[in-house]
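*Asks:* Sequence:
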Amino acid sequence: MLARARAVMLTNYTEVAKHFGLDPYAMLGRAGLHPSSLRDPENWLPASRILSLLEDSAAQSGRDDFSVVLGEFRTFASLGPVSLLLRHEATMRDIIDAAIEYRRLINEIVHTTLRDDGEHATLEWNLIPGLRGMQGVNLLATIAYRVLVDGAGCNWQPDCIHFRHSAPEHIATFKRVFRCPLEFDSSFDGMSCSSASLDAPNEFADPELIVHARRLLNLMPGVRHDDTMTERVRSAIPFLMSDGQAHAEGVARYLGIPLRTLQRRLISEGQPFSTLLNDARRELAARYLSNSNQPITAVAHLTGYSALSSFTRWFTTEFGMSPARWRRMMRERDALHLRASVVAPIERRFSGGSPEQPLQRLSR
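Read in order, the letters of the sequence shown are residues 1 to 364 in the UniProt record's numbering.
The hints are all genuine.
Here are the in silico distance ranges between beta carbons for each label pair:
no., residue 1, residue 2, range
1, Thr75, Ser274, 41 to 49 Å
2, Phe204, Pro295, 39 to 47 Å
3, Thr75, Glu208, 20 to 28 Å
In case anyone wonders, no lab produced these hints; they're calculated from the structure. By construction, the Cβ of each residue, glycine as well, lies at the ideal position given by its N, Cα and C atoms.
Assemble the whole structure, with the sequences as input and the hints as a guide.
*Replies:* The structure is reproduced here in structure tokens:
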């Protein structure tokens, strides 16, 4: 089943695109989206098209902060019907737990988990398998930050926002929007904070309204649908990969089920654990190598390998070339894309319209 996302993710897209010199209607058309589909924020759209639009918009405008600007003015209400519940939960921890519980009513493109060892806590998120895109992750991070920090009544602030990708060119936008420390080339995407801070009380807490909101949400289609074991395992593996726990026993422990139950359910669904692990590893490796400056030895560790040689052999088998060569090829491709979409139009403007003429005026 194709993943979907609510049209509210693209609120203000037209204005932001115009601000950065793009034709929003042409961009929407390139992504296979019609402008009318954005009129109702609760309209469900193909997630892959939304992510494609965001990546294309960032590339064509030369703004790697495109999605952060797009998400900068999100409010609690942008969560849709779920906001009626989250608004009145007792603490920040309760707000986060409820958001994870009713995640399908917010969007279908991200898996989120809250880890807490009693001293330090991390709220981590991953795009679901099959979806990727730095801009999509940036937009989700921006919305999460705006909702939890400025929307909830907990006077709460994370200690740090973490991004797997490297520091962007337009980092000033990130610093303006995320008013806390930022970590790029991180081992995960998400937020970190102290465990105690999650118990910050919500000034809008109301137990009676929580009961009413849950009754209404439970009547909505899709909310009671259980994940298949395949989906649960796929969502768990990325969170466990860097800890070396992304094996069947580790996933079963993470999901709180017996190992034999996990194995039996996967067999009945026709999905070997090894295939799910390999697919997740491919996506993470590709993302780290293309979007971050992590050394290849670090990427090997982050994808579950203790030895670089083992990672290199696996990667070469999967991608047909070494990690170093693949990374170099991706960066050359991105450079060509940037030149075609940003630099070339500037050259034509300053050289009288001929794309073959050298960029003389700008190089003087």
